[in-house]
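These are the residues of each chain, in order.
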Amino acid sequence: ETGVTQSPTHLIKTRGQQVTLRCSSQSGHNTVSWYQQALGQGPQFIFQYYREEENGRGNFPPRFSGLQFPNYSSELNVNALELDDSALYLCASRGLYTGELFFGEGSRLTVL
Amino acid sequence: TQLLEQSPQFLSIQEGENLTVYCNSSSVFSSLQWYRQEPGEGPVLLVTVVTGGEVKKLKRLTFQFGDARKDSSLHITAAQPGDTGLYLCAGDGANNLFFGTGTRLTVIP
Chain A
1 ETGVTQSPTH
11 LIKTRGQQVT
21 LRCSSQSGHN
31 TVSWYQQALG
41 QGPQFIFQYY
51 REEENGRGNF
61 PPRFSGLQFP
71 NYSSELNVNA
81 LELDDSALYL
91 CASRGLYTGE
101 LFFGEGSRLT
111 VL
Chain B
1 TQLLEQSPQF
11 LSIQEGENLT
21 VYCNSSSVFS
31 SLQWYRQEPG
41 EGPVLLVTVV
51 TGGEVKKLKR
61 LTFQFGDARK
71 DSSLHITAAQ
81 PGDTGLYLCA
91 GDGANNLFFG
101 TGTRLTVIP
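If you're matching them up, the sequences are chains A and B in order.
1 is the number of the first residue of the first sequence in this note's numbering; add one for each residue after it.
1 is the number of the first residue of the second sequence in this note's numbering; add one for each residue after it.
Bound conformation, chain A alone (with noise of 0.2 Å):
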């Protein structure tokens, strides 16, 4: 039980399609970050938000977003969905004074 939870589990989409996938993070933790997990792969560095700002981008085009509200929670937007976009998405929150990550369960999702 690591307090960070995420919605949707699973979700199918088409290509071209947006997706918005969710992230709860724990009280007090106001660092998220999200990666994206290839199947078979470690996962990738999208990008991480400190305070409601985004403060760190990995190799991931325009297409991919997000925001993070005051209540501690994140969204991860996807727009012009590709097949390659299919992946688990995972959440990360980074604790107070340890600085540990920690991960939600992951948003599966496959694109058609």
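Hints should not be assumed to be uniformly reliable.
Among the chain B residues that face chain A by a calculated CB cut under 8 Å, a handful are [as the list claims (entries may be wrong)]: (1) 45; (2) 85; (3) 88; (4) 97; (5) 99; (6) 101.
Just the calculated beta-carbon pair ranges, DEER-fashion [to be verified]: (7) B/18 - A/67: 45 to 53 Å; (8) B/67 - A/99: 21 to 29 Å; (9) A/14 - B/38: 26 to 34 Å; (10) B/53 - A/14: 50 to 58 Å; (11) B/58 - A/10: 29 to 37 Å; (12) A/60 - B/9: 18 to 26 Å; (13) A/99 - B/26: 43 to 51 Å; (14) B/53 - A/57: 28 to 36 Å; (15) A/80 - B/12: 25 to 33 Å; (16) A/71 - B/3: 28 to 36 Å; (17) B/109 - A/18: 40 to 48 Å; (18) A/11 - B/39: 13 to 21 Å; (19) B/9 - A/16: 30 to 38 Å.
Since the hints were made in silico from the structure, they are not lab data.
Note that CB positions come from ideal geometry on N, CA and C, so glycine has one too.
Assemble chain B onto chain A, guided by the hints.
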């Protein structure tokens, strides 16, 4: 681009055997973490190593950070079926973690 390479990619062993998983990089990291991920779940932190040459033990798991802080190893003694999972190393970047390719371990009863 994967900065961290793990080997082996897949490992299937009998219960009671010992094993070592390796994590190698050409980059220096200020710290390195090891995670275990089970199907349908997110990665869970096992250990963080910070000092070059550091060795940390967690019950039957022994973690070592290379002297140059570019590589690490995870050794499991007397593996048990409950050790089955995906083992990931991750180097600490400025605002993110760089994850390795992962080692999928299966321990057969």
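Violated constraints from the hint list, given by number and in increasing order: The structure breaks hints 2, 13 and 15; every other hint is satisfied.
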